[in-house]
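If you read the sequences in order, they're chains A and B.
61 is the number that our numbering gives to position 61 of the first sequence; each next residue is one higher, with no gaps.
580 is the number that our numbering gives to position 415 of the second sequence; each next residue is one higher, with no gaps.
Please keep in mind that the hints were generated in silico from the structure rather than gathered at the bench.
Quick reminder that beta carbons are idealized off the backbone N, C-alpha and C, glycines included.
In silico SDA-like pairs for lysine to any residue, Cα to Cα no more than 25 Å straight-line: (1) A:K85 x B:V181; (2) A:K70 x B:L498; (3) B:K186 x A:L88; (4) B:K387 x B:E296; (5) A:K85 x B:K186; (6) B:K186 x A:F93; (7) A:K70 x B:K186; (8) B:K186 x A:V92; (9) B:K186 x A:G84; (10) B:K430 x A:L29.
If the Cβ cut is set under 7 Å, some of the chain B residues that face chain A in the computed set are: (11) L440; (12) M502; (13) D503.
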Amino acid sequence: MIAISNALRYCSIFLAYIGALALFLMMGLTAVDVVGRYIFSAPITGTFELTEFLVLILIFSFIGYTQSQKSHVSVDLLVMNFPGKIRLVIDVFNHVICLILMALITWRGAVKALEMMEVGEASPNLQIPDYPFVFFLVVGCGVMCIEYIRDLLGFFNHSKESDKI
Amino acid sequence: MNPEIIGALGILIMFVLLAMKMYIGIAMALVGFLGLCVIVGVDAGVNILGITPLAEGSSYTLSVIPLFVLMGQFAFISGISTDIYKSVYAWMGHFRGGLAMATVLACAGFAAICGSSLATGATMGMVAIPEMKKYNYDPRLSLGCVAAGGTLGILIPPSIGFVIYGILTEQSIGKLFMAGFLPGILLAGMFIAAVFIQCRLNPEMGPCGASTTWKEKITSLKGTWGMLLLFTIVMGGIYFGIFTPTEAAGVGALGAFLFALFKKKLNKESFIQCLMDTGRTTALIFLIIIGANIFSTFLGLAELPMGLADFISGLALPRILILAGIVLVYIALGCVMDCYAIMILTVPIIFPVIEALQFDPIWFGVLMVIVLEVGLITPPVGLNVFVLKAAAPDVPLTTVFRGIWPFLVAALLAIVIITIFPEIALLIPSMM
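Please build the complete structure, drawing on both the sequences and the hints.
Next comes the structure, spelled out in structure tokens:
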């Protein structure tokens with residue numbers, strides 16, 4: 001179980017690298033577009049929609065990784081004073097709820113993606129089909145689910161390997 | 166049950182979840198989703214879960230957030246903070262408390278190319294704290310001034326705080342940036358005054374640093390060209406309408422990247438670290454934004470914000486009292502919550518009230534950012550203070566918090582001044 005859990009963390013790390021690449025491309029694209037527009041009066045066609053795709057990739061490739069780094073924001077004011085047992089119960093409850101909600105979002109995302117594939121929606125200028133990016137959202141949310149499951153396993157196994165890379 | 170009661174119940178449940186340490190974004194999404202299921206039916210509720218994450222996650226406007234965060238990260242890595250500090254130091258270091266004043270000014274300078282308070286505080290902490298230690302500064306003063314100076318990061322443009330406020334309230338991000346400029350200078354001035362008064366009362370706190378010759382003063386200015394150039398391009402571009410804020414952020418990030426390359430501070434590890442840290446910050450902000458959007462769809466259908474606005478503006482109270490009440494609530498929230506989370510959570514509820522009371526939305530944005538800054542340095546969840554703790558591990562947290570109160574007073578005074586003279590915030594945007 002622990003071995004599987006530790007192996008699964010590479011999902012979020014791998015996705016995060018894709019996101020890092022998207023971020024760098026987004027910076028380059030925006031800057032080159034501006035320079036092209038003002039200096040060579042030749043803007044890049046479709047910067048707007050490409051940026052939208054890149055933001056989508058960036059965010060959904062990082063939400064799982066962010067969870068694995070415990071960087072998502074919560075308010076720790078009350079619970080930190082509770083005894084360990086109660087804290088554990090609350091933590092487990094929280095993560096089960098998170099998992100259910102994220103699983104719902106993943107499922108709805110998949111429905112949406114299939115719908116868009118059916119209709120064949122595409123971006124206005126470059127005619128890039130939208131649905132593969134929506135599937136990317138599904139993958140990202142799926143990895144987030146995996147991270148919640150790993151956290152839940154971690155509550156019962158203190159030997160979970162540290163997530164620092 | 167009427168929708169308003171469902172809305173109020175929803176808010177209540179959300180606060181219970183938050184107190185239980187549920188992730189803020191998830192708590193909001195969950196309550197919003199359940200509330201929608203109750204008010205308009207399960208189908209609509211389930212549908213929103215498919216629509217909102219996609220819509221918010223692929224928004225061109227929101228892409229400005231990661232780009233400005235990235236610009237700050239590259240600036241952070243480039244070591245530009247050391248240059249800025251050295252130059253201000255050469256001019257002010259020999260005064261009593263001069264190193265602390267120099268720290269505040271250098272924070273203001275770094276804030277001009279970085280939109281995040283944490284990055285500003287962290288980078289200045291690493292540079293300035295060892296220096297002040299060398300000259301036997303009281304740790305209360307040295308840590309207090311870095312923590313306070315760091316908060317200038319979200320007031321002096323570019324600022325992630327203004328970006329989020331602008332998106333939430335559909336105000337011009339460019340105007341908000343310009344509006345933050347003079348109040349940022351005012352606040353920096355107030356912090357410097359706070360240092361000055363403390364050192365007057367107790368000269369032991371901040372002894373004089375080494376004096377420098379005029380030649381050294383002039384040559385030290387060389388170190389600031391990178392900062393000045395980046396700031397001019399980004400802010401000038403927005404002011405004259407050459408770039409949209411997203412484009413300015415992209416150009417700024419590229420500029421900071423090239424600058425870090427030029428300074429030979431960028432290697433494979435630090436480059437990847439910049440991208441990964443930016444991605445992480447972006448993801449955590451977006452999870453909250455997505456949650457907040459589902460939540461405010463629910464609140465909107467429950468007609469709660471409008472109801473609240475009608476109720477409050479119908480009160481027979483002077484509007485300035487209501488404003489004071491709102492500010493106090495924000496300071497209280499700031500003590501326990503992350504500043505972006507507070508903003509995303511509360512603006513959809515509070516903004517209609519502000520509009521109903523006919524306060525200027527741009528001015529309120531400035532006020533709100535300053536109030537949230539106060540939250541960044543108040544116990545028990547003063548994030549800036551925890552970041553500094555890493556730069557000076559031997560100083561107990563209580564000492565840091567004790568060092569901060571003079572700066573808190575200064576910030577509160579600044580809030581009062583900007584309320585009395587809204588022109589301080591509105592002058593530059595009115596000229597755009």
